[in-house]
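Keeping the supplied structure of chain B fixed, place chain D upon it in accordance with the hints.
In order, the protein sequence lines correspond to chains B and D. Every letter in the first sequence is one number past the one before it in UniProt numbering, and letter 30, counting from 1, is 30. Every letter in the second sequence is one number past the one before it in UniProt numbering, and letter 28, counting from 1, is 28.
You may find that some hints are simply not true.
One copy or any two copies: either way a pair holds, since identical chains are not told apart in the list.
Said to hold, decoys possible - Straight-line alpha carbon distances no greater than 20 Å define the calculated EDC-like cross-link-like pairs of lysine to aspartate or glutamate that follow:
id, residue 1, residue 2
1, 288, 308
2, 200, 143
3, 3, 374
4, 188, 62
5, 227, 32
6, 288, 363
7, 227, 193
8, 200, 134
9, 260, 177
10, 227, 157
11, 255, 267
12, 255, 310
13, 188, 28
14, 200, 62
The hints are simulated quantities; they were obtained by calculation from the structure and are not laboratory data.
Number of protein chains: 2
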Amino acid sequence: MTKMALAVLIQGTGAHPASWLQTETAADASTDIDYYKAAAQLAERGRFDLFFIADTPAARTDNLHAWSRFPMFMNVFEPVTLLSAVASVTSHIGLGATASTSFYEPYNVARLFASLDHLSHGRAAWNVVTSANDYAARNFGLDRLPPHGERYERAREFVSVVQALWDSWEDDAFIQDRESGRNFDPAKLHVLDHHGRYFKVHGALNIARTPQGQPVIIQAGASNTGKDFAAATAEVVFASDSGVAEGRAFYQDLKGRMAKFGREPDDLKVLAGLPVVIGTSAQEAEDKYQALQSLIHPDVGRMRLSNDLEVDLSDLPLDEPVPLDRIPATSNFHQTYFANIAGMIRRGMTLRQIYMSYERGLETVRGTPIQIADRMEEWVAGGAADGFMMLFHTMPGGLRDFVELVVPELQRRGLMRADYEARTLRGHLGLKRPPNRYAQAAEVAPIAAAAE
Amino acid sequence: MTKMALAVLIQGTGAHPASWLQTETAADASTDIDYYKAAAQLAERGRFDLFFIADTPAARTDNLHAWSRFPMFMNVFEPVTLLSAVASVTSHIGLGATASTSFYEPYNVARLFASLDHLSHGRAAWNVVTSANDYAARNFGLDRLPPHGERYERAREFVSVVQALWDSWEDDAFIQDRESGRNFDPAKLHVLDHHGRYFKVHGALNIARTPQGQPVIIQAGASNTGKDFAAATAEVVFASDSGVAEGRAFYQDLKGRMAKFGREPDDLKVLAGLPVVIGTSAQEAEDKYQALQSLIHPDVGRMRLSNDLEVDLSDLPLDEPVPLDRIPATSNFHQTYFANIAGMIRRGMTLRQIYMSYERGLETVRGTPIQIADRMEEWVAGGAADGFMMLFHTMPGGLRDFVELVVPELQRRGLMRADYEARTLRGHLGLKRPPNRYAQAAEVAPIAAAAE
Chain B
1 MTKMALAVLI
11 QGTGAHPASW
21 LQTETAADAS
31 TDIDYYKAAA
41 QLAERGRFDL
51 FFIADTPAAR
61 TDNLHAWSRF
71 PMFMNVFEPV
81 TLLSAVASVT
91 SHIGLGATAS
101 TSFYEPYNVA
111 RLFASLDHLS
121 HGRAAWNVVT
131 SANDYAARNF
141 GLDRLPPHGE
151 RYERAREFVS
161 VVQALWDSWE
171 DDAFIQDRES
181 GRNFDPAKLH
191 VLDHHGRYFK
201 VHGALNIART
211 PQGQPVIIQA
221 GASNTGKDFA
231 AATAEVVFAS
241 DSGVAEGRAF
251 YQDLKGRMAK
261 FGREPDDLKV
271 LAGLPVVIGT
281 SAQEAEDKYQ
291 ALQSLIHPDV
301 GRMRLSNDLE
311 VDLSDLPLDE
321 PVPLDRIPAT
331 SNFHQTYFAN
341 IAGMIRRGMT
351 LRQIYMSYER
361 GLETVRGTPI
371 QIADRMEEWV
381 AGGAADGFMM
391 LFHTMPGGLR
401 DFVELVVPEL
411 QRRGLMRADY
421 EARTLRGHLG
431 LKRPPNRYAQ
441 AAEVAPIAAA
451 AE
Chain D
1 MTKMALAVLI
11 QGTGAHPASW
21 LQTETAADAS
31 TDIDYYKAAA
41 QLAERGRFDL
51 FFIADTPAAR
61 TDNLHAWSRF
71 PMFMNVFEPV
81 TLLSAVASVT
91 SHIGLGATAS
101 TSFYEPYNVA
111 RLFASLDHLS
121 HGRAAWNVVT
131 SANDYAARNF
141 GLDRLPPHGE
151 RYERAREFVS
161 VVQALWDSWE
171 DDAFIQDRES
181 GRNFDPAKLH
191 VLDHHGRYFK
201 VHGALNIART
211 PQGQPVIIQA
221 GASNTGKDFA
231 AATAEVVFAS
241 DSGVAEGRAF
251 YQDLKGRMAK
261 FGREPDDLKV
271 LAGLPVVIGT
281 SAQEAEDKYQ
291 ALQSLIHPDV
301 GRMRLSNDLE
311 VDLSDLPLDE
321 PVPLDRIPAT
331 SNFHQTYFAN
341 IAGMIRRGMT
351 LRQIYMSYER
361 GLETVRGTPI
371 QIADRMEEWV
381 AGGAADGFMM
391 LFHTMPGGLR
401 DFVELVVPEL
411 QRRGLMRADY
421 EARTLRGHLG
431 LKRPPNRYAQ
441 AAEVAPIAAA
451 AE
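One chain only, chain B, in its complex shape (with noise of 0.2 Å):
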């Protein structure tokens, strides 16, 4: 049987809303870099393949006293410095972190990440992401989140230059030849000339081909649009189904659209995302989880609903059903999480219902160890997945549980890996290193020559 993929999404001191007031998790966790290294560690002793740092470049600036009480995004670290320290304490687990391409330079994102991956020995992903929010947006110039479509022209171009300054050299470049005096071979570097709608870039990346070739490319997209970019160009894609059914119809969909960018399906793995909380018994995971959803302040609940549907929400008692008319008429921030609401407020909950069970359209999945193994034994067998990206609401206790406690049942039934088999992302995800553009050319070319 095919060995499972895994990841952990790390998000602050945990991905529920009310972690922090977990008393196992140290209050400041999110800016203490031992924290974090000790996740790692701990993720590496489970053998994921993936530590995973979500991001946005922005801090709330406004409704603070409900942000008070769900500080996730106020205060955490950058996720490439963040990584590269835990890179030193590391050996195999792949490091990956979201950096938007709405907000960045393609050469300045081309080096964090090059560099992340030479310095972990081949251990780096870029999350792709066109999104964020309008309070990253003004961050940099902007009122707004560009429109959609903008944003994902603008991402396939930025990546297709980043993708192009990763090639600059050729694998074999570096000759450090002392006898003749040569460190490398000119002929194989190449320097980009990108005149193109929202870039202009002229130079060759100051950093030797990586380990990995590239680094891997990570995406989360789930509109017609974010589909075709992820099957043109993403090697892992985040997915956000709760059902087997609807994860299936999502993988097939997406894997299906590789071949129209010469892609084979394998190129491309499928993470599901997937919350857990665990206990001896059903029971026991089912009062963890419902003792963190009742501490969910009804503003936090009532903000998190308004931002993700893009809508105030503000004048709305808790406890009567959403009135239809308060669905806007689209989406430009996220269409998942904005399809998500629309449809409970369509189904007739109330607002405290729908903030209570709203997971961003991911859905906890409560049990025993056994019980957690098996939901991921049907999904991977029903072809819903390669694997999953794991969200453990309290940290590190979430994690530790997973590992201690599910893992090793994973791999008593085959479905995860006894010890790393490489030192790689790459290689850990049964992922290609992609051959360098231009020495493929050089080969190419001789031949097309003769042919005339």
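Okay, now just chain D, sitting in the frame of chain B:
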């Protein structure tokens, strides 16, 4: 006697153009994270204040045959990721890196260095440069570097935005009170609303105020504009004068400018750039230096002069004086380098003589440990510097010789600390922890109100 501050400048495999040809250094050291970690640990053993990485966000893309003999800028880590990895294996030494205000967004730079300050527990420093070069400009959509005055205008605005973002949160903003459910005090978050000529930023940094309050600001500008900028904002200045008299003149000029910006002379430390080659005798040191110089290929020497003088010298014979009319009327890239070369041309030196002695305004001190300590003592006692930015032509040997042979001599003389007495870079350098501008305002406001 006042202790001298010591920084070490790391540029790939060593500060000398031919350093990579030395067999002592691994040929691939410039992207070997273990090489940098060992170097930082060595400097920490020598009780250095600062481990500093110079940077330009660009590879060279022309004259590649010459650059292939002088690969210093072609294959290096992005410096903030590098220092984040180094932070994990060091505990006291400061960690500084260059980032150009011409090619980044203030929000991203503010985050990178704030993050580094947190994860190093108060050891981060940002070297603010305006220049880099046209290679860098072309990576960021420009054809060439903007003019000197415009770069400084942008730099002033850039730094003011970054420093304001670093004050987004007051030091005691994150109360993390689980009882009340309040993670932070909203009154202690200050949203920047900046509308400037170059930047528009409405937002707050998404990380707590850093252990140092703000990372340390470094600069190196030697032009009149650059000195005013440094007097207004820098806390460390890298100087590049060769003689004590010139050094003292620069020192007094710079410190004299500070009063008009409301600053005390002690708020800024001048570190004189000091390349050294150490031998058991003066002759041995001289021989080591000359052996290195002889490895500079004429193509490399000619190219370095052409670049820093901003004029093509490729047609000139090596062993005849450079015609005076080859000196351009004005400099844009770097005024000190320009003046240095122009001076040598005016003294009638040949191209070969110039490139063999040109060190970008510095002069390598060759001598025994005692002689080098004498020179350093003379310099500091003569009021020409508060300390030194050491450059070692070959690594790790140059640094190791200095730590083992010169540092003990400086300690014996009471010129260097025997052990660290602080945990932060500000602590080492004796720099004040800057108060948060908003916290001050809050204290002042009631008094002003009462006075009305």
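Evaluated hints:
1. 288 x 308: neither (26 Å within a copy, 66 Å between copies)
2. 200 x 143: between (24 Å within a copy, 10 Å between copies)
3. 3 x 374: Close inside one copy (15 Å), not across copies (66 Å); limit 20 Å.
4. 188 x 62: between (51 Å within a copy, 13 Å between copies)
5. 227 x 32: neither (36 Å within a copy, 37 Å between copies)
6. 288 x 363: within (15 Å within a copy, 68 Å between copies)
7. 227 x 193: Intra 28 Å, inter 37 Å, cutoff 20 Å: neither.
8. 200 x 134: For residue 200 and residue 134, only the inter-copy Cα distance (14 Å) is at most 20 Å; the intra-copy one is 25 Å.
9. 260 x 177: This pair counts as neither: shortest intra-copy Cα distance 43 Å, inter-copy 54 Å.
10. 227 x 157: within (16 Å within a copy, 40 Å between copies)
11. 255 x 267: Result: close within a single copy only, 9 Å intra versus 60 Å inter.
12. 255 x 310: Neither: 31 Å inside a copy, 53 Å across copies.
13. 188 x 28: Cα proximity of residue 188 and residue 28: across copies only (17 Å, versus 48 Å in one copy).
14. 200 x 62: between (36 Å within a copy, 18 Å between copies)
Of the numbered hints listed earlier, those contradicted by the structure are 1, 5, 7, 9, 12.
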